[in-house]
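K.L.:
Using the sequences and the accompanying hints, generate a full structural model.
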Amino acid sequence: MGHGVENLRGSLLMVAAMAGFALEDMCVKALSRHMPVGEVLALMGLGGTVIFAALALRNGDRLFSRDLLNPAVIGRNFGELVGTLSFVCAIAFTPLAEASAILQATPLAVTLGAALFLGETVGWRRWSAILVGFIGVLVVIRPGTAGFSVLSLFAVVAVIGLAARDVITRRVPRSITSMQLATYGFATCIPAGAALLVLQGPPVPLSPGDLAQLGAALVVGTAGYYALIAAMRIGEVAVITPFRYTRLIFAVAIGWTVFAEHPDQWTLIGGLIIVASGLYTLARERARARTARATAAPLG
Numbered sequence: 001m002g003h004g005v006e007n008l009r010g011s012l013l014m015v016a017a018m019a020g021f022a023l024e025d026m027c028v029k030a031l032s033r034h035m036p037v038g039e040v041l042a043l044m045g046l047g048g049t050v051i052f053a054a055l056a057l058r059n060g061d062r063l064f065s066r067d068l069l070n071p072a073v074i075g076r077n078f079g080e081l082v083g084t085l086s087f088v089c090a091i092a093f094t095p096l097a098e099a100s101a102i103l104q105a106t107p108l109a110v111t112l113g114a115a116l117f118l119g120e121t122v123g124w125r126r127w128s129a130i131l132v133g134f135i136g137v138l139v140v141i142r143p144g145t146a147g148f149s150v151l152s153l154f155a156v157v158a159v160i161g162l163a164a165r166d167v168i169t170r171r172v173p174r175s176i177t178s179m180q181l182a183t184y185g186f187a188t189c190i191p192a193g194a195a196l197l198v199l200q201g202p203p204v205p206l207s208p209g210d211l212a213q214l215g216a217a218l219v220v221g222t223a224g225y226y227a228l229i230a231a232m233r234i235g236e237v238a239v240i241t242p243f244r245y246t247r248l249i250f251a252v253a254i255g256w257t258v259f260a261e262h263p264d265q266w267t268l269i270g271g272l273i274i275v276a277s278g279l280y281t282l283a284r285e286r287a288r289a290r291t292a293r294a295t296a297a298p299l300g
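Residue 280 in the working numbering sits at position 280 of the sequence shown, with consecutive numbering throughout.
Quick caveat, the hints were computed from the structure, so don't treat them as lab data.
Among the hints, erroneous ones may be present.
What the hints assert, rightly or not - Restraint ranges, calculated between C-beta atoms of paired labels, are given here:
id, residue 1, residue 2, range
1, LEU68, GLY201, 30 to 36 angstroms
2, LEU211, PHE64, 40 to 46 angstroms
3, LEU272, PRO191, 36 to 42 angstroms
4, LEU272, ASN59, 39 to 45 angstroms
5, LEU211, LEU131, 43 to 49 angstroms
Backbone N, C-alpha and C fix where the C-beta goes; we use that ideal spot for every residue, glycine too.
P.N.:
Listed below in structure tokens is the structure:
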């Protein structure tokens with residue numbers, strides 16, 4: 001009974017986290033319609049750095065230490081930079097549903113990266129699921145057809161960057177806290193956004209409406225981050241994780257109602273293929289963990 005209640009709470013928190021991230025994407029897309037992407041990225045990076053630095057200091061974490069020079073921290077920050085920059089560009093230049101559908105391939109890319117670089121065992125079933133998931137990405141972007149847009153590759157690069165970030169995170173020393181990592185990750189976006197502004201042109205003065213949207217993006221994004229952490233700590237990972245895919249549902253709804261973006265059948269089909277592949281991979285991981293526990297259990 002206790003596990004059931006915890007899993008329900010964890011699932012609801014995961015859905016809330018994905019809703020928060022989808023709303024953050026909505027605000028970023030709205031801002032990028034009349035502001036340079038570099039300006040949006042720099043402002044989001046500055047706001048996120050201030051928020052998570054304050055939270056880290058409240059927890060007694062040090063913001064400046066030699067840990068910043070740890071190769072794993074540097075690699076993670078680079079992955080965060082590439083992933084965040086590319087996804088902000090994907091949100092700005094492509095339909096929200098399309099960018100979010102491709103983003104759902106990130107867990108598959110993490111599994112692939114863990115197998116290639118961390119030596120984790122991946123059986124033929126999960127390899128097959130990864131391949132099918134990437135076929136789903138191809139269905140969404142449709143290379144070589146009239147519906148293909150090179151701008152959709154921003155979302156693909158975002159998947160690569162965010163997957164690299166998550167894989168490298170497993171090599172980060174345990175002495176470095178989640179709040180420190182979040183602070184460092186957001187901080188890398190500030191110079192990246194400023195550099196992008198050099199190419200895009202001067203920043204646009206912020207109106208009261210822009211400040212309100214920026215503040216809303218930071219609030220819902222931070223709330224989503226907290227809800228995600230709480231969800232993973234409350235329930236069973238194998239039960240909670242599939243609810244990550246609700247982000248695609250929220251993205252389609254927001255794109256349809258707020259931005260009048262109507263996803264075509266290929267985006268929906270490709271998104272379903274990616275989600276189904278991810279769910280199958282999670283199911284296989286759960287089955288492997290269950291088998292490992294049964295094998296390790298003492299006889300008697």
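K.L.:
Hints first: check each against the structure and report whether it holds.
P.N.:
Against the structure, the hints come out as follows:
1. LEU68 x GLY201: 30 to 36 angstroms: Given about 32 angstroms between the Cβ atoms, the range holds.
2. LEU211 x PHE64: 40 to 46 angstroms: Since LEU211 and PHE64 have Cβ atoms about 29 angstroms apart, the given range 40 to 46 angstroms is violated.
3. LEU272 x PRO191: 36 to 42 angstroms: 38 angstroms, holds
4. LEU272 x ASN59: 39 to 45 angstroms: Since LEU272 and ASN59 have Cβ atoms about 40 angstroms apart, the given range 39 to 45 angstroms holds.
5. LEU211 x LEU131: 43 to 49 angstroms: Holds, at about 45 angstroms.
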